[in-house]
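Positions 1 to 278 (UniProt numbering) are the ones given, in order, by the sequence shown.
Rather than coming from a laboratory, the hints here were simulated on the basis of the structure.
Treat the hints with care, as some may be off.
[Claimed, not checked] In silico DSS-like links for lysine-lysine, alpha-carbon gap of 27 Å or less:
1) 130 to 249
2) 201 to 213
3) 131 to 175
4) 7 to 89
5) 7 to 241
6) 213 to 244
7) 249 to 213
8) 194 to 7
9) 130 to 7
10) 241 to 252
11) 249 to 175
12) 201 to 241
13) 130 to 194
14) 194 to 213
15) 15 to 130
16) 194 to 15
Since the structure is predicted, the reported quantities are computational estimates derived from the model, not experimental observations.
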Amino acid sequence: MAYITTKDGTRIFYKDWGPRDAQPIMFHHGWPLSADDWDNQLMFFLAEGFRVIAHDRRGHGRSDQTDGGNEMDTYAADVAELVTALDLKSAIHIGHSTGGGEVARYVARAEPGRVAKAVLIDAVPPVMVKKDSNPGGTPIEVFDGFRTALAANRAQFYLDVPSGPFYGFNRPGAKVSEGLIRNWWRQAMMGSVKAGYECIKAFSETDFTEDLKAIDVPVLVIHSEDDQIVPYADAGPLTVKLLKNGSLKTYKDLPHGLCQTHPEIVNPEILVFISGSK
């Protein structure tokens, strides 16, 4: 297994597959998962000739379960160190949910030449929590409930989330995949309970407004109107308005975890964008 060690001594696990001279695509997973959440996309884009990279965020998956650093500045700094170690240039950065926030913060601060394009999928920017400057946001009490449930019995909480709203399995007529539920639970339980708890604040309260404004590269924003985790109206459309070169692809009935439930729809959409046809 491959790791880098960051400046603060944290070991970050990563996968790096494909030709080293091919254009790199780096994938950034959501809370509280790991690089394994991108299995379908890694295989799809590898077959398309790309170099594919995915890492486990600190405190998640196979990376070290650190005491601190479970916030966006450190997450983005870890990405920058991995990018430097692998010497990735003209890379595509794709982030889902919390990983979309990580992408926004990293890309806004990236060294020139490191990033070609970015994709934000049902991502948390601009900011999730409801406040005076974000009246349409999700009330803090919702995230407090997440923290309470996680601290009390995360094993059950980590079954409830994928069994219901994450994949839309609570919708009438939904085709439930027991495999997806179990794989979500497996990934989540690999990580640190402390990191999972603290990351809730990171993904819900971090304001990415200035990051989005600072990004110069083309960005594809994908968001579903039926997202029950990151509500559409307070995310995708607002994100595109803040970007200098952003485009929005909206789906009507797909769930938050659309990359896993409907890869046959999402993967080609991303391929068209990163291949320069859009």
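Cross-check of the supplied hints:
| no. | hint | verdict |
| --- | --- | --- |
| 1 | 130 to 249 | holds (24 Å) |
| 2 | 201 to 213 | holds (22 Å) |
| 3 | 131 to 175 | violated (36 Å) |
| 4 | 7 to 89 | holds (21 Å) |
| 5 | 7 to 241 | violated (36 Å) |
| 6 | 213 to 244 | holds (7 Å) |
| 7 | 249 to 213 | holds (19 Å) |
| 8 | 194 to 7 | holds (21 Å) |
| 9 | 130 to 7 | violated (35 Å) |
| 10 | 241 to 252 | holds (20 Å) |
| 11 | 249 to 175 | holds (24 Å) |
| 12 | 201 to 241 | holds (24 Å) |
| 13 | 130 to 194 | holds (24 Å) |
| 14 | 194 to 213 | violated (32 Å) |
| 15 | 15 to 130 | violated (36 Å) |
| 16 | 194 to 15 | holds (24 Å) |
Violated hints for the displayed structure, listed by number in ascending order: 3, 5, 9, 14, 15.
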